[in-house]
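Build the complex from these two chains, which are given one at a time in their own frames, with help from the hints.
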Amino acid sequence: NAGVTQTPKFRVLKTGQSMTLLCAQDMNHEYMYWYRQDPGMGLRLIHYSVGEGTTAKGEVPDGYNVSRLKKQNFLLGLESAAPSQTSVYFCASSSARDSSYEQYFGPGTRLTVT
Amino acid sequence: AQSVTQLDSQVPVFEEAPVELRCNYSSSVSVYLFWYVQYPNQGLQLLLKYLSGSTLVKGINGFEAEFNKSQTSFHLRKPSVHISDTAEYFCAVSGAKGSTLGRLYFGRGTQLTVWP
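In order, the protein sequences belong to chains Z and W.
When you number the first sequence by my numbering, it's gap-free, plus one each residue, and the end is 115.
When you number the second sequence by my numbering, it's gap-free, plus one each residue, and the end is 756.
The shape of chain W in the complex, shown without the other chains (with noise of 0.2 Å):
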């Protein structure tokens, strides 16, 4: 099975300062990754996602990550943040083979909060 470490519980920041969410997977097989964000009140949409290739994945909203095998981390980056950015954000691993494929394993959440 795979499991998923997100680093900080909370991240607080100033508007326009750039940001790193940490996330770290364990798995036995190859990996998807996937990091959704959560407004308040709302359900989970998809930031962006890493399947295969280059391991700079650009997504929604200005927001990248970086897939590192080596060191099993698919970190969440952003320049620069607005307070609109201010959310929940889960990292989320799946199998990309074998009986687990499909099923997506959830990190505990970081909640980004930017301050004026």
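If we strip away everything but chain Z, and leave its shape as in the complex, we get (with noise of 0.2 Å):
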């Protein structure tokens, strides 16, 4: 059981060129959830979905989109990539069935915009 899996761990883009970050969970969870971690700032969310198919804007979604073709994925994707996205990504997890709505977390991708 793998739990919430991120693909790359690491990349550096120039500015200007597109990318996307592969999350993918194997817990069968219903809501997944990407967000941003900048030195001072805390997690912010940038999307998030509630089940295969849709997808809905959090705090700060410019210069983003996303996917959710299948339960378990969910992509985030940088059309062109500005040094302001310069950041840690999380994605996460949880499951409708979980009271709490706890989340689970993935190990991270650390992307640099040069």
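Incorrect hints may have been included.
[What the hints assert, rightly or not] Cut-off 16 Å, straight-line C-alpha distance, at most; resulting in silico cross-link-like pairs (EDC-like, lysine to aspartate or glutamate):
hint: 1; chain 1: W; residue 1: Lys689; chain 2: Z; residue 2: Glu103
hint: 2; chain 1: Z; residue 1: Lys72; chain 2: Z; residue 2: Glu31
hint: 3; chain 1: Z; residue 1: Lys71; chain 2: Z; residue 2: Asp99
hint: 4; chain 1: W; residue 1: Lys689; chain 2: Z; residue 2: Asp99
hint: 5; chain 1: Z; residue 1: Lys72; chain 2: Z; residue 2: Asp27
hint: 6; chain 1: W; residue 1: Lys689; chain 2: W; residue 2: Glu706
[Said to hold, decoys possible] Covered by chain Z, according to a simulated footprint, are these stretches of chain W (three or more residues, beta-carbon under 8 Å):
hint: 7; segment: 683-695
hint: 8; segment: 746-754
It should be emphasised that the hints constitute simulated quantities derived from the structure, not laboratory data.
Model, not experiment: these values are computed from the prediction.
Built from N, CA and C at the ideal position, the CB exists for glycine as well.
Right under this line is the structure:
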């Protein structure tokens, strides 16, 4: 049982390049989330999904897109990377059957945009 | 919506000393409260959570937290810390009802450093 995994672990992009971050969970969770973590800012929600085929904006969605084509996967895309998107990205998932909606986190992806 | 304030960005303590990490929240609805820990270069791990019932919640690694509704606080405590407790700690809140159900709002984090 791997829990929540993220691919890749590290990436360096040039300004204007695009990339996709992949999140996968094997816990059959309905809800999935993408956060970014910046020093002194805590974690901020980018986008989230309450089920296959559905997505919604979080606090800081600009410059990102997401897709949830399969229940176990949640993709985060950067169409044209900017230095302001240099951050550590975390994916999380939670179960609709858990009344507390406790979130389980992946190990993170460290992205640098030059 | 909910919000969280962690009152200290850094807390240095000596090994075996007690520690308290402070967290205050703001919400117009009833809430669930969480403390997560992040060790260097790792993801977040749940320490403990308050859903309802007893206001004193015990978590992993000897940590506990007390929910105080009148003061809208959820402070984290440990009576005797170890060097291995050095990490960043995040307080988070979610709404127990309504449209915000399931969404977590995080504080900015408190870096706990334990010195020998």
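Evaluation of the provided hints:
Note on lysine 689 of chain W and glutamate 103 of chain Z: the hinted pairing holds, with a Cα-Cα distance of about 9 Å set against a maximum of 16 Å. Pair hint lysine 72 of chain Z plus glutamate 31 of chain Z holds up; C-alpha atoms about 7 Å apart against a cutoff of 16 Å. Restraint check for lysine 71 of chain Z and aspartate 99 of chain Z: not satisfied, since their Cα atoms lie roughly 21 Å apart, outside the 16 Å limit. With a C-alpha separation of about 13 Å, the suggested pair lysine 689 of chain W and aspartate 99 of chain Z falls inside the 16 Å cut-off, and the hint holds.
Proposed proximity of lysine 72 of chain Z and aspartate 27 of chain Z is supported: the alpha carbons are some 10 Å apart, at most 16 Å. Restraint check for lysine 689 of chain W and glutamate 706 of chain W: satisfied, since their Cα atoms lie roughly 10 Å apart, inside the 16 Å limit. With 6 residues having a beta carbon nearer than 8 Å to a beta carbon of chain Z, the segment 683-695 of chain W meets the requirement of three or more and the stated coverage holds. Given a C-beta distance limit of less than 8 Å, the hint that chain Z covers the segment 746-754 of chain W holds, as 4 residues qualify and 3 suffice.
The structure fails to meet hint 3 from the earlier list, while all remaining hints are met.
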